[in-house]
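Enquirer: So the sequences go chain by chain: G and U.
If you use our numbering, the first sequence corresponds to residues 169 to 272, in order.
If you use our numbering, the second sequence corresponds to residues 486 to 954, in order.
Derived by calculation from the structure, the hints in this document are not laboratory data.
Heads up, some of the hints might be wrong.
The calculated DSS-like cross-link candidates involving lysine-lysine, where the alpha carbons are at most 25 Å apart (straight line), are [said to hold, decoys possible]:
| hint | chain 1 | residue 1 | chain 2 | residue 2 |
| --- | --- | --- | --- | --- |
| 1 | U | 888 | U | 820 |
| 2 | U | 797 | U | 941 |
| 3 | U | 830 | G | 229 |
| 4 | U | 726 | G | 229 |
| 5 | U | 797 | U | 820 |
| 6 | U | 830 | U | 907 |
Covered stretches of chain G (chain U as the covering partner; in silico rule of three or more C-beta atoms under 8 Å from a C-beta of chain U) [said to hold, decoys possible]:
| hint | stretch |
| --- | --- |
| 7 | 182-190 |
| 8 | 210-217 |
| 9 | 220-233 |
| 10 | 244-253 |
If you only want the chain G side, here are some residues facing chain U, beta carbon under 8 Å, derived [as the list claims (entries may be wrong)]:
| hint | residue |
| --- | --- |
| 11 | 171 |
| 12 | 173 |
| 13 | 175 |
| 14 | 207 |
| 15 | 238 |
| 16 | 241 |
| 17 | 256 |
| 18 | 257 |
| 19 | 258 |
| 20 | 260 |
| 21 | 261 |
| 22 | 262 |
Glycine included, each C-beta is placed from N, C-alpha and C at the ideal position.
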Amino acid sequence: MSEFLTFVSTHQQMFYIVILMIFVGVEVIGRVPSVLHTPLMSGANAIHGVVIIGAIIVMGKAEPGNTVALILGFIAVFLGTLNVVGGFVVTDRMLEMFKSKKKN
Amino acid sequence: MTIIYILASVSFIFGLKMLSHPASARKGNLIAAAGMTLAIFGTIFLYRNEAGEKLHNYGWIFSGIILGSIVGTLVAKKVKMTAMPEMVSMFNGMGGACAALISMIEYGHYSHLLETDTLLAVSDYRMTILIIVLGLIIGSVSFAGSMIAWGKLNGTVGDFSFKGQSIINILFLIAILCMGAYIISNPTHPFMIYVLFALALLYGIMFTMPIGGADMPVVISLLNSFTGVAAAIGGFLYDNKVMLTGGILVGAAGTLLTVLMCKAMNRSLLNVLIGSFGGGNSAVSNGNSSAGGTIKEISLSDAATVMAYANKVIIVPGYGLAVAQAQHVCHELEKQLEERGVEVKYAIHPVAGRMPGHMNVLLAEADVSYDKLAEMDEANEELKNTDVALILGANDVVNPAAKTDPSSPIYGMPIIDVEQAKTVIVNKRSMKPGYAGIENELFFRPKTSMLFGDAKKVLQELVTEIKNV
Numbered sequence: 169m170s171e172f173l174t175f176v177s178t179h180q181q182m183f184y185i186v187i188l189m190i191f192v193g194v195e196v197i198g199r200v201p202s203v204l205h206t207p208l209m210s211g212a213n214a215i216h217g218v219v220i221i222g223a224i225i226v227m228g229k230a231e232p233g234n235t236v237a238l239i240l241g242f243i244a245v246f247l248g249t250l251n252v253v254g255g256f257v258v259t260d261r262m263l264e265m266f267k268s269k270k271k272n
Numbered sequence: 486m487t488i489i490y491i492l493a494s495v496s497f498i499f500g501l502k503m504l505s506h507p508a509s510a511r512k513g514n515l516i517a518a519a520g521m522t523l524a525i526f527g528t529i530f531l532y533r534n535e536a537g538e539k540l541h542n543y544g545w546i547f548s549g550i551i552l553g554s555i556v557g558t559l560v561a562k563k564v565k566m567t568a569m570p571e572m573v574s575m576f577n578g579m580g581g582a583c584a585a586l587i588s589m590i591e592y593g594h595y596s597h598l599l600e601t602d603t604l605l606a607v608s609d610y611r612m613t614i615l616i617i618v619l620g621l622i623i624g625s626v627s628f629a630g631s632m633i634a635w636g637k638l639n640g641t642v643g644d645f646s647f648k649g650q651s652i653i654n655i656l657f658l659i660a661i662l663c664m665g666a667y668i669i670s671n672p673t674h675p676f677m678i679y680v681l682f683a684l685a686l687l688y689g690i691m692f693t694m695p696i697g698g699a700d701m702p703v704v705i706s707l708l709n710s711f712t713g714v715a716a717a718i719g720g721f722l723y724d725n726k727v728m729l730t731g732g733i734l735v736g737a738a739g740t741l742l743t744v745l746m747c748k749a750m751n752r753s754l755l756n757v758l759i760g761s762f763g764g765g766n767s768a769v770s771n772g773n774s775s776a777g778g779t780i781k782e783i784s785l786s787d788a789a790t791v792m793a794y795a796n797k798v799i800i801v802p803g804y805g806l807a808v809a810q811a812q813h814v815c816h817e818l819e820k821q822l823e824e825r826g827v828e829v830k831y832a833i834h835p836v837a838g839r840m841p842g843h844m845n846v847l848l849a850e851a852d853v854s855y856d857k858l859a860e861m862d863e864a865n866e867e868l869k870n871t872d873v874a875l876i877l878g879a880n881d882v883v884n885p886a887a888k889t890d891p892s893s894p895i896y897g898m899p900i901i902d903v904e905q906a907k908t909v910i911v912n913k914r915s916m917k918p919g920y921a922g923i924e925n926e927l928f929f930r931p932k933t934s935m936l937f938g939d940a941k942k943v944l945q946e947l948v949t950e951i952k953n954v
């Protein structure tokens, strides 16, 4: 328990961010029309691709001799990029259609 | 570095915000993408660890990114509009796998550290290990679940459920938690983490396996928010604020989106989570016994005549339309009818198709104008003075059992009440039950006439017929 408390106090800022972000997330989504649910889900999907930053850090920290970490890290970076790039491109393709229709 | 992260975080929030308005949605997506690029390159070039060292292994990092970008773009560009939901699910799984892998590497790192350096007290690292374990569990469940969801939407994986599955699932969960707790208290067995990984993967599979296709959107949205949380956990691990912001943002938004979807189907989240719905056998037999009687078929020319001389036609699209890729022909039909002075509208059920908004995306692709799409409540109002309701490959969303039959698994789900219209024409490929696996009484009602066949073919023929009327 005391470990947890020290953790909380050393990471105070992080906890504030967590709490505020929960509200922001709920607030931002709250009024979305159901028309946009799929693109929104897809967009959110791309945004959580930020894990790739973790993958990059892991990768960059790994000692060049540590093959297991290197290979796993490489896969992680690859998959993370796939998530980010694929996510944004798919979202864009969906939204493209909303746009083209607007012109008519 | 900090500035870059702040910029990126703000761009995510703005991006999400703009995504929730049709007009600014595309820009919002681009802004979020730009923020992401900034964050990635900022990390690569500006990251310093505690000792002030730069990252190394640039070659590996860049080859991973380049390869990932190429594959990601190609796959995302090539995929058909109907396969979008699967795609989202798959990319989501990739993110989950990424989070799980990070945890695995970090665990190996810390457990090695603790083993070799006896001066370090295990208790100082307990919280870190806890975070790593959590990240691994959530990440792998999300990965396995997404892969199954992907397979299911693809049609490659069927529904699979057995008696007592929910109990076994709960046991699995308990086993995973115990395992996690064990690892946290004894973090020096690098091998255990793989066992936990395998367990979590299995749980992900078990968790998604029995859930019926109608629930897939909810599951994907839920897994999406899981991955968000996994990403946020990574943020804790590296004290990285942009990961934390992005992750929690998606976690919160995704959870809310999940709840919204559940509400649209009138199911509780818990119900979906335990996986008791299943679209299972009991549901089918239930439906079969309550529905019966004779169906009435209608010929193409009759259908064409009825619609051509109607004042108002409401089209209810469903998954069948998406499968047949019939959205363009559907628009064609709409134009033909409008030329004859018929008022045409589309009634969009929030969960029609396989994802909320699926139908809107599809019809938008065919240039159907925005104001022709009516949401459920609006459509139900308008149906009262509608002559013909044309149902294209939709089933569960128009099933009256949701209103009348308390034993039906979809009981209580709001539906599009097509029976208010004077005539109902249903286009389906066969009499097979819809995605929820239940019979639809609507087809046996006297007002309803059936028009069997592939949606695209039928619509094409309808268009020609209407031209000739």
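Enquirer: Are any of the numbered hints broken by this structure? If so, which, sorted upward?
Expert: Of the numbered hints, 1, 3, 12 do not hold.
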